[in-house]
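S.K.: Chain by chain, the residues run as shown.
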Amino acid sequence: MSMILTDEQLAIYNGERGETMAKVMKTLVRYGEVFGAEKMVPVTSEYNHLVTSFGLKVMAPVYDLMEKLIAEGVKSGQKFSVDPRPLDKNVPQNILQKLVFNCFMYTKQDYYEDQLEKLGLLSKDSFTCACYMDEVGNKPKFGDVLSWAESSAVVYANSVIGARCNRNSGIIDLMGSIVGYVPYFGLLTDEGRRASWIVRINTTKKPEAQLLGSAIGMRVMEDVPYVIGLDKWLGNELDDAACTYLKDFGAATASNGAVGLYHIDGLTPEAKLSGEALIKEGAREYVIDDAELERVKASYPVMWKNADATPKLCFMGCPHMSLEQLKSWTVKIEAGLAESGNKKVLIPTVFTAAPAVLAEFNKTEYAARLEKTGVITSYICPLMYMNNPLCAKMPVITSSNKLRTYTTARYYTDDEILAQLTKGEN
Amino acid sequence: MKEFKGRVIAAGEITAPALVSHEGLNTLASFQKALQFGDKKATCSDQNNPDLFGKEMLGKALCLPQTIGSTTGGMVLYCACAMERQPACMLFSKPIDSLAAAGAILADVWVDGVTMPVIDSLGDEFLDYVKDGMTITVTADGTVRVEE
Chain A
149 MSMILTDEQL
159 AIYNGERGET
169 MAKVMKTLVR
179 YGEVFGAEKM
189 VPVTSEYNHL
199 VTSFGLKVMA
209 PVYDLMEKLI
219 AEGVKSGQKF
229 SVDPRPLDKN
239 VPQNILQKLV
249 FNCFMYTKQD
259 YYEDQLEKLG
269 LLSKDSFTCA
279 CYMDEVGNKP
289 KFGDVLSWAE
299 SSAVVYANSV
309 IGARCNRNSG
319 IIDLMGSIVG
329 YVPYFGLLTD
339 EGRRASWIVR
349 INTTKKPEAQ
359 LLGSAIGMRV
369 MEDVPYVIGL
379 DKWLGNELDD
389 AACTYLKDFG
399 AATASNGAVG
409 LYHIDGLTPE
419 AKLSGEALIK
429 EGAREYVIDD
439 AELERVKASY
449 PVMWKNADAT
459 PKLCFMGCPH
469 MSLEQLKSWT
479 VKIEAGLAES
489 GNKKVLIPTV
499 FTAAPAVLAE
509 FNKTEYAARL
519 EKTGVITSYI
529 CPLMYMNNPL
539 CAKMPVITSS
549 NKLRTYTTAR
559 YYTDDEILAQ
569 LTKGEN
Chain B
2 MKEFKGRVIA
12 AGEITAPALV
22 SHEGLNTLAS
32 FQKALQFGDK
42 KATCSDQNNP
52 DLFGKEMLGK
62 ALCLPQTIGS
72 TTGGMVLYCA
82 CAMERQPACM
92 LFSKPIDSLA
102 AAGAILADVW
112 VDGVTMPVID
122 SLGDEFLDYV
132 KDGMTITVTA
142 DGTVRVEE
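Line order of the protein sequences matches chains A and B. Heads up, the first sequence is in our numbering, so the first residue is 149 and it goes up one at a time. Heads up, the second sequence is in our numbering, so the first residue is 2 and it goes up one at a time.
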């Protein structure tokens, strides 16, 4: 072992708190050593966030490992939120889909949720990928060290909040809060947070968040980009609209590439503090104009069997929508319907958000207005819903580039989605 | 025949046919079908990876730059190993990413009886040279021999 551990960490490593705790510590030490970590540092956030939310029958090795931890009396040192549930009866399902979901795929859901409760689940409603929303309450502070997973949450926490977290994998996330330490490397360090790419935005209009994120993710992969020119479109304050934009932008950078941190010149906290001093010498440059965004969009494969099929479902909210998004989309859909003379959306549509965000939304006048348009709200994970052969055959549309990447859902811009939902235009 | 030297992430010795991805391997998207629907040959289900889509990964020497995508990646790799649906070895041209490293280490520490050698930092030349079907031999010191 090349890492220098404190006496307490060494005691855990050597088995003084049991064989299972020792294996957890050994896993983290080996993980850190791969990346040159010389020490472990304390996790300082109030809560953790885990990526694994689904009780898929075939993921038995994960549940076996959880069972081993529970049997040994090992618990997370922090309460945690977790990614969205894969099932919600509000979301359209035919009889066959219901049968497959409940009798074959997610038969371990209740069992796994019971395991999560034993290990430290924050509450029965703490299932969302957007745990950092004010309504949910798992929002770290600037500089906090996290042991989170969920790529969209990690990139948001690092970039928009200024917390420090590596792109941890599922299981590693839980292990960090079991021992209370994470290896110090990568995005936890000042050097690891410096940018090796300069991205210049030269578009003639505000770029679509999910498309811009996709373009940057595919180009810079796991590197840190410093984005210049986006504040022209987003402003210089992290208000609700800017945070919502960055949520969707970041999720696309993380799923279409492997970005864990980005800086937006004049807007995100570290860029505001340090500016272009965050850019490494010799950083590469990527210029994005309208033509580049068009090129990226045209490169997406269409996975539908019949490319001209009529969409059967529309999913919005991967990652989960913000309260601001639910309200603004209510207004946009109402306006679109009023313009076309239609009373309800023309494609079955599901807006997904955190249970706590939906609860707040339901207190507003917008909830009844959205319901009147025919749009369904849900806390489901669209990605998990889509990940089976039955749903994979369905022509589903979305403006989520994450959902497009992992499923057969077809990507359209927000404006294109709106036109399809309200006017039937394709 | 060419030899390349990399860093050992998980040790082991193996000979297997090469399967090459020139793009980052999206672990969740690639192993989804294998894990969710009992595909024991681990056919790659990532529609966005033209090099691997539809090809069997089980028992292959998987040659790639890095892995990308969802942070379930390491857990997915761990499950693939525990369910014996893993590649014969994973050979990275670049330094390994945090998700693949987690998966390799989780499998090495927590799964008994499964060996999946993992070598990283083999260099861009390795990925330029190796082609599908070439015979790969990995030795415990991180040497990777590629034969046509």
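Just so you know, the hints here were simulated from the structure itself, not pulled from any lab data. Warning: the hint list may mix true and false statements.
What the hints assert, rightly or not - Computed list of chain A residues with no C-beta within reach of chain B, every gap over 12 angstroms: (1) LYS171; (2) PRO209; (3) LYS216; (4) ASP236; (5) GLU265; (6) GLY318; (7) MET369; (8) GLY408; (9) LEU421; (10) ARG432; (11) VAL435; (12) SER447; (13) GLU482; (14) ASN536; (15) TYR554; (16) LYS571.
As the list claims (entries may be wrong) - Calculated pairs, DMTMM-like style, for lysine to aspartate or glutamate (alpha carbon to alpha carbon, straight line, at most 20 angstroms): (17) A:LYS541 <-> B:ASP40; (18) A:LYS174 <-> B:ASP113; (19) A:LYS205 <-> B:GLU85; (20) A:LYS205 <-> B:ASP40; (21) B:LYS95 <-> A:ASP371; (22) A:LYS445 <-> B:GLU24; (23) A:LYS216 <-> B:ASP40.
Stated by the list, open to error - Partial chain B-side listing against chain A, Cβ under 10 angstroms, derived: (24) ILE10; (25) ILE15; (26) THR16; (27) GLN37; (28) PHE38; (29) THR44; (30) LEU59; (31) TYR79; (32) MET84; (33) PRO96; (34) ALA105; (35) ILE106; (36) GLY114; (37) THR116.
Bear in mind that the values here come from a model prediction, so they are computed numbers and not experimental data. A virtual CB, placed ideally from N, CA and C, is assigned to each residue, including glycine.
S.K.: It remains to establish, for every hint, whether it holds in the given structure.
M.R.: Structure-based check of all given hints:
1. LYS171: violated (6 angstroms)
2. PRO209: Violated, since 3 angstroms does not exceed 12 angstroms.
3. LYS216: violated (9 angstroms)
4. ASP236: holds (19 angstroms)
5. GLU265: holds (19 angstroms)
6. GLY318: Violated, since 3 angstroms does not exceed 12 angstroms.
7. MET369: Given that some Cβ of chain B is not farther than 12 angstroms from that of A:MET369, nearest at about 6 angstroms, it is violated.
8. GLY408: Since the minimum Cβ distance to chain B is about 8 angstroms, A:GLY408 lies within 12 angstroms and the statement is violated.
9. LEU421: holds (25 angstroms)
10. ARG432: A:ARG432 clear of chain B: closest Cβ-Cβ about 15 angstroms, beyond 12 angstroms.
11. VAL435: Check passes; 22 angstroms lies beyond 12 angstroms.
12. SER447: violated (10 angstroms)
13. GLU482: With a cut-off of 12 angstroms, A:GLU482 remains clear of chain B, as the shortest Cβ separation is near 34 angstroms.
14. ASN536: violated (7 angstroms)
15. TYR554: Per Cβ check, A:TYR554 is inside 12 angstroms of chain B; nearest 5 angstroms; violated.
16. LYS571: holds (29 angstroms)
17. A:LYS541 <-> B:ASP40: holds (18 angstroms)
18. A:LYS174 <-> B:ASP113: holds (15 angstroms)
19. A:LYS205 <-> B:GLU85: Judged against 20 angstroms, a Cα distance of about 16 angstroms means the pair holds.
20. A:LYS205 <-> B:ASP40: holds (14 angstroms)
21. B:LYS95 <-> A:ASP371: The hint holds at about 13 angstroms.
22. A:LYS445 <-> B:GLU24: holds (18 angstroms)
23. A:LYS216 <-> B:ASP40: Judged against 20 angstroms, a Cα distance of about 27 angstroms means the pair is violated.
24. ILE10: The hint holds - B:ILE10 has a Cβ within 10 angstroms of chain A, the shortest such distance being about 6 angstroms.
25. ILE15: Violated, because the Cβ-Cβ distance from B:ILE15 to chain A comes to roughly 20 angstroms (cut-off 10 angstroms).
26. THR16: violated (25 angstroms)
27. GLN37: B:GLN37 check passes; min Cβ-Cβ to chain A is 6 angstroms, inside 10 angstroms.
28. PHE38: holds (7 angstroms)
29. THR44: violated (13 angstroms)
30. LEU59: Because about 15 angstroms separates B:LEU59 from the closest Cβ in chain A, which is outside the 10 angstroms limit, the hint is violated.
31. TYR79: Result: holds, 7 angstroms to nearest chain A Cβ.
32. MET84: holds (7 angstroms)
33. PRO96: holds (8 angstroms)
34. ALA105: holds (9 angstroms)
35. ILE106: holds (5 angstroms)
36. GLY114: violated (13 angstroms)
37. THR116: violated (16 angstroms)
Violated hints for the displayed structure, listed by number in ascending order: 1, 2, 3, 6, 7, 8, 12, 14, 15, 23, 25, 26, 29, 30, 36 and 37.
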